[in-house]
Amino acid sequence: MSDHLFVGKSIPRTIEADKVTGKAVYIDDMKRPGMLYGKILYSRYAHARIKSIDTSRAKKLAGVRAVLTGRDIPDARVGFLKDQTVLKKDVVRQFRDEVAAVAAISPEIAAEAVDLIEVEYEELPAVFDPFEAMKEEAPLVHEVDARGRPVKSNMLPLPWKFEAGDIEQGRKDSAFVVTDNVSTTWVNQCCMGTSGCIAEFDTSNNLTLYNQTNVIFGHIGRITEYFSQIGLKGKKIRVVNAIVGGSFGTKLDTDIYEFISIQLALKTRKPVKILFDREEEFQALPPRQPAVFTIEQGCDRDGRLTFRKCEAILDNGAYTSWGATTPSVMIMPMSSLYRVPNVFFKATCVYTNNIYCQAMRGYGNPQATFAVETSMDTLAEAAGIDPLEFRMINRNHPGDETPMRLKITSCGFEECINAVKEKLKWDEKKGKQKGRGLGMASLIHVAGGARVTRSDGHGMVVKVDEYGHVDVIESGTDQGQGSPTVITQIVAEALGVRPEDVFLTFGDTALALWDAGTHASRHTFMAGNAAVRACAKAKKQILDMAVEHMAKIIKGGFKRKKRKDPDFVEPDLDYGLIADPENLDIRDRMVFPKKDPDHPYFRIPVSQVLREGLLGSGESKVVVAEAFYDPPTEMLDREFKGNLSQTYAFGASGVEVEVDEKTGEVKILNLVAAHDVGKAMNPTLLLGQIYGAAYTGVGYGLTEEIKVVNGRVMNPSFRDYQMLTAMDVVPIEPVIVEPMDEDGPYGAKGVGEPGLVPTAPAIANAVYDAIGVRITDLPITPEKVLAALKEKG
Amino acid sequence: MIEYDYKKPESLEEVFGLLKEYGPRAALIAGGTDVMVNIRNTKKAPEVLISLRGLKDLRYIKKNNGYHIGALTTHRMLELSELVKTELSALYDGASCIGSVQVRNVATIGGNICNAAPSADTAGPLLVLDARVVLEGPEGRRSVPIYEFFTGTYKTVRKQDEVLVEFQIPAEMEHFGSAYWKYSRRKAMNLPILGVSVSLKLDNETISDARIGLTVAAPTPVRAYKAEEFLKERQLTDDVLKEAGKIAASPDCCSPRDSLRGEAWYRREIIEVYVARMARIAAENIKNR
Ligand SMILES: Cc1cc2nc3c(=O)[nH]c(=O)nc-3n(C[C@H](O)[C@H](O)[C@H](O)COP(=O)(O)OP(=O)(O)OC[C@H]3O[C@@H](n4cnc5c(N)ncnc54)[C@H](O)[C@@H]3O)c2cc1C
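Chain order of the listed sequences is A and B.
Residue 1 is where the first sequence starts when you use the working numbering, and the numbers rise one by one after that.
Residue 1 is where the second sequence starts when you use the working numbering, and the numbers rise one by one after that.
One chain only, chain A, in its complex shape (with noise of 0.2 angstroms):
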């Protein structure tokens, strides 16, 4: 089956070499004739009525361009439910909200302007509690709603519930139930490339934005509508990416900072660039959203699951960013993670005067999966059944429905499991050891799209030259995640070219197709059907110039042998061998007829064939194609459900860990991260993104967390804010399983957030093997586990 030259292969990064070179402009490299730089004056109180703002001592200072207040624009309101303006003119309702921009002509004269704008508050109440902002009596953070009506309530007008079946029909068909709470916090994306754009506008008011996104398109969409309120309808808007370092689900929404490049480069008709320095990336960017989750889960005597009942709160922070639309994410594991046949998901999203949170890697799934699965341990104890048993017994078979009209197609989830119980040695090891233990957990992803937007298409154009090398131009975003060499190396053998004749253009809404974003793990997917498709389309039309202009390459030839050598015999050939373009075909570079790919004389270099049909005599052509590629699937309906992906992934991990019981230290011997991929496009690269997410979960697990105290971020450094570095690494046992998804590229599906799902419950699930304490609060620091040991005894 696998004849592939290119595609299955290690192949290496193929656009890497300049980022380790120090070659890649990314946005701080990034300059324009005459740009000047942007700076924010943050609040300095988490809710407070802004009573003046005196300019003048930052005006005056040399080399400032301007300064903006909320005096100064107009009140447009931006973000998801539209509840905040770009700069804030009357309150401020968290420490990061932008009160004031200077514009200079260097980065340190716009910090020490903004250092000389005064600021006079008059602090009012704040709530940093979700669970005290629900209360009637707690302080209001918005008084009025985006469109001014009285707000009674600091919780959010957001539709999250989900019902499927019959709770109460569940609970009756029990025989074992569990209830727990769990939580999770805030956790930043850590982006190497710190949040920054430069907006430029042309005579006309066009706008061109240089920015770092991972949804071109999504960016044009929400800045038109703010052209539409500050009277710029119907300009022109480019977005053009530099190269993105980084991405995590930081660069999904558009920023304030991005409107703010905006309104200063309006203001002094100059290229203005804002870049986020690390401080600001930790205090004044949305990070990963934080959840309290009640979950309740039964299942009979034969140990099937019975029923799920789940009710989460989120703290929202101020405004709203994706960290509200997580819960239509967390109601796919709630729905769907094992075969659970009734289903009650609820989620509320509450103001407080906290930081606002937005997409991270995974979306709300790590959250509802740290959920899901302490249930899930918790309940096969209880109902006394080996938990990796309870799991295989519970899991999702190929062809099943799930409560959330999932369909599941490709499905290695049984193979997972067995992956895990084979490398941990579960049954010999599990539930044996002091202070040694064993846990696992799964996930489910999407991973063939994700229909959260009306189109979830993508599109590509393909393009080849009359040397054979070929440009592609790119809809998506090369974020670092190496599916850019996947895509390579998919049209290096779609179209029968070497992976190194392939040029890839990146993020340029001049020039790319419509593509709904690089996001949900959605890239290789989609990107790669896409490619397959407009190469099939290139392909044809070569194989069409190859008939026209074959025999007349080959003719020639021989005249020009028999010129040198007046000896020479020309062969006398079946030219009908290569009359039709559905007998040749296109592979390393060469054009041969199917029949006989080794023919002496009928295998021959494509590029030949496209010089003759580009430039040559006759009529000329070109070779070009383009190939929209959206899955038939569809919108979650009113309910939440509906089958918005066109296939999913499925994982476990498994963690071996040992604690110290005296200091409460975890730590990880092994883990195993089994993944369904579909199939490996590139094994190097799949296990890049397999410990990546796979670290990152470990991260989330035991030591991350950004500390928020009265709604100020205390640890805005990587100094104390810890991510685990290159000298943390655990072992990491990939497994890959491929089942071949027949709707993927080549059988492959997505695998972008999976790794990072179930890490942190499989070690929340390892501790307490260990030692028989269950923390269910994130990160699980030594002081939680210490804790909780002595309180147990």
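For the record, the hints were derived by calculation from the structure and aren't laboratory data.
Some hints could be false.
Said to hold, decoys possible - Partial selection, computed: residues in chain B whose CB lies under 10 angstroms from chain A: (1) Tyr154; (2) Val157; (3) Arg185; (4) Ala188.
In this text, a Cβ means the ideal position worked out from N, Cα and C, and glycines have one as well.
Chain B with the ligand: place on chain A using the hints.
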């Protein structure tokens, strides 16, 4: 823009001259890994930075009637020295866990001690190795025991016109085994949540002498004298070590605080556990000579 002048004298005399000329408007800089971070954080710089990096002969590790370590010795030099590793193990433990290789390549032991952070990783080891700090000024040299060197958080007895030139560790330490444990959440690029250093001397299985140093357990790195006293002339047993840990963790010996990095109660737990563990390793290190 934060602006400052930078001078790189070649001799101590030149350093003294510059210190005199600029007075409080100048500051010394060695590896710069504390100085530069401070400048960035406070957005303030002294008028002149006087670099000590031209003083090439202040980078050494010698054994000659005791141990002598030049103030400009980098942590990386300490880490790679066989002598330090086998005979001054606690100092090896402390120096080798600082920051990262890149940081250790430039950061100096003199800077670590003069900066006087409560979390300095070489402070505890130097305390239990009975180090003396040698300061030189225009008037000459003086030497101070390290337990008298720190006067508060980021404060020392060093006078403005003095340069730390050398650490001296008495020859007697040859007979001690020592160890340092940096308790932190990750293995690199981290400050200790707590540090425990122990050195001891054994007479068969009897502890004939012992030192215990605690880092991040008080406003300055401190010795746990009461716990040391308790250990003396006692057998090296689990019970004895446990008791010593308890004493070291008590308010008699330390005053850890609740901070962002760790809670006080937990720091005390760690002291209790790791005093015993480090004593065991220190004893092992005698045998491993
Ligand atoms: C990324 C990073 C990680 C770090 N990790 C750790 C860690 O894990 N553990 C730890 O303890 N520290 C750590 N540090 C802090 C720092 O590296 C150490 O304290 C280091 O030893 C300082 O040495 P230096 O030569 O760089 O000192 P400098 O920054 O040059 O100087 C520090 C102070 O000492 C003074 N000084 C320096 N030398 C002399 C001298 N000979 N005489 C008189 N005064 C002098 C200077 O005036 C200044 O006040 C870290 C720093 C960074 C940037």
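Quick rundown of the hints versus the structure:
1. Of the supplied interface hints, the one on Tyr154 (chain B) is violated, with its beta-carbon coming no nearer than about 16 angstroms to a beta-carbon of chain A, more than 10 angstroms.
2. Because the beta carbon of Val157 (chain B) sits about 28 angstroms from the nearest beta carbon in chain A, more than 10 angstroms, this interface hint is broken.
3. A least Cβ separation of about 5 angstroms between Arg185 (chain B) and chain A falls short of the 10 angstroms threshold, and the interface hint therefore holds.
4. With 10 angstroms as the threshold, the beta carbon of Ala188 (chain B) comes within range of chain A, its nearest partner Cβ sitting at about 4 angstroms, so the hint holds.
Going down the numbered hints, you'll see the structure goes against 1, 2, while the others check out.
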